[in-house]
Amino acid sequence: MKTSNYLACPECDLLLRGGSPVVGEKEHCPRCHCLLHRPRANSITRTLALSLTGLFLLFPANLLPIVGIKVLGNSNDGTLLSGAVTLFNEGMWGVAILVFLSSILFPLLSIVLSLLISGHLYFNHKNHRLSLWLRTLQHIEEWAMLEVYLLGIIVACVKLSSMAELKFGLGLAAFILLLLVSVTLASNFDSTLFWQRIEQLNTDENK
Amino acid sequence: MKINKTALRQGLCRCHDCGKLARISTKCILCTRCGSQLHTRLPHSFQRTLALLLSGVALYIPANLFPIMTVTQLGVGEPHTIFGGIVALIHSDMLPIAMLVLVASILVPLLKLLGLSLLLLCVHYRWQVNAKRWTQMYRIISFVGRWSMLDIFMISILVSLVNLGGVAQIIAGSAATAFGAVVVLTMFAAKSFDPRLIWDVQND
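Going down the list, the protein sequences come from chains A and B. Just so we're aligned: the first sequence equals residues 2 to 208 in the numbering used here. Just so we're aligned: the second sequence equals residues 59 to 262 in the numbering used here.
Keep in mind the hints are simulated off the structure, nothing from the lab. There could be a bad hint or two in this list.
As the list claims (entries may be wrong) - Here are some, though not all, of the chain B residues that point toward chain A, as calculated from beta-carbon distances under 10 Å: (1) R72; (2) N122; (3) T139; (4) M212; (5) V217.
C-beta atoms are modelled at their ideal positions from N, C-alpha and C, and glycine is treated no differently.
Produce the entire structure from the sequences given, and follow the hints as far as they go.
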């Protein structure tokens with residue numbers, strides 16, 4: 002029995018003969034209905050293109066003001082970073098670090114890691130760090146919460162609308178684009194394929 | 059396609075990170091494909107989840123009792139708890155947004171704490187349950203956890219924007235730290251729970 006012909010369900014440990022679903026099909030575990038594999042068309046090329054786009058969008062989304070307010074002649078603009086900085090200055094460093102990690106550092110890291118991995122696989126470059134990068138990416142993905150942040154912006158604006166005049170900056174547009182790119186990136190990312198390609202590259206190296 | 063046996067019974071274990079199957083042996087402890095440590099089940103899954111869950115329960119209390127932010131307008135300060143913020147939204151006729159905050163900051167953490175406790179009880183007392191349903195519950199718990207961060211992000215935006223000295227100022231309160239800790243702890247708890255334990259305790 003060759004182990005490579007089999008796979009185990011990550012959620013119920015059922016041993017299965019690995020099917021080979023084509024693009025558009027989904028492979029589910031017959032026992033617990035866990036999604037096992039969902040192949041995407043041109044996953045590596047799309048990941049490369051989308052992570053490059055994301056990398057460019059990171060700059061305006063992080064540097065330009067997202068929302069500004071005006072109360073009785075006083076105005077103030079907020080960027081993605083200013084929330085974490087204000088919290089830190091107020092002594093709420095725990096919350097500040099949490100906000101910084103989940104809205105700035107982890108989205109940035111996941112785009113950079115996607116770019117590195119897909120770039121290496123696209124150009125068939127060998128690198129012994131590939132598996133470390135992909136493992137890190139899989140672990141931090143859950144902590145990048147741009148979509149939750151957008152919801153936070155919406156609720157904050159609704160709360161402020163009664164007491165202040167709001168103006169939306171170019172940063173908000175860049176932020177929404179960045180969010181769309183990261184969601185598309187995640188949905189086009191075929192980790193099964195990526196692991197197979199990394200294994201292929203590594204075995205070529207050993208020969 | 060179906061063999062109807064678990065990998066564990068066949069002497070195989072699945073790598074947590076890359077999914078590659080390997081034979082269980084005393085020597086090979088690192089995955090040959092990705093180099094991560096191999097375990098048949100997540101190590102100390104029950105104890106870790108229990109510890110993180112109990113810390114989450116303990117912090118859930120200050121998170122709801124203490125003010126999450128203080129709104130100062132023209133010199134008059136008014137502390138808000140999580141629940142108070144929702145009531146304020148209802149009073150200003152923003153029912154849909156109030157519902158959203160209610161779900162994300164009160165119901166989701168509460169249901170997560172309850173759900174994880176049920177999962178742990180199920181594993182510990184070897185409850186014979188519809189394991190498919192319970193695995194679904196686990197999936198929902200791990201999916202919704204991140205949405206509780208809504209309140210934390212909202213506060214971070216409010217404190218940075220409403221920072222106009224005497225005119226209007228919003229300062230984060232101590233409950234924000236507690237609430238952030240609850241979200242992080244329950245996310246880690248869900249991550250360290252191994253759903254395969256539910257299937258392991260079923261006699262079939």
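Verification of the hints:
1. R72: holds, 4 Å
2. N122: Not OK, violated: B:N122 not within 10 Å of chain A, min 16 Å.
3. T139: Hint on B:T139: violated, closest Cβ of chain A at ~15 Å, above 10 Å.
4. M212: Hint holds; B:M212 Cβ to chain A Cβ min 4 Å, cut 10 Å.
5. V217: holds, 5 Å
Violated hints for the displayed structure, listed by number in ascending order: 2 and 3.
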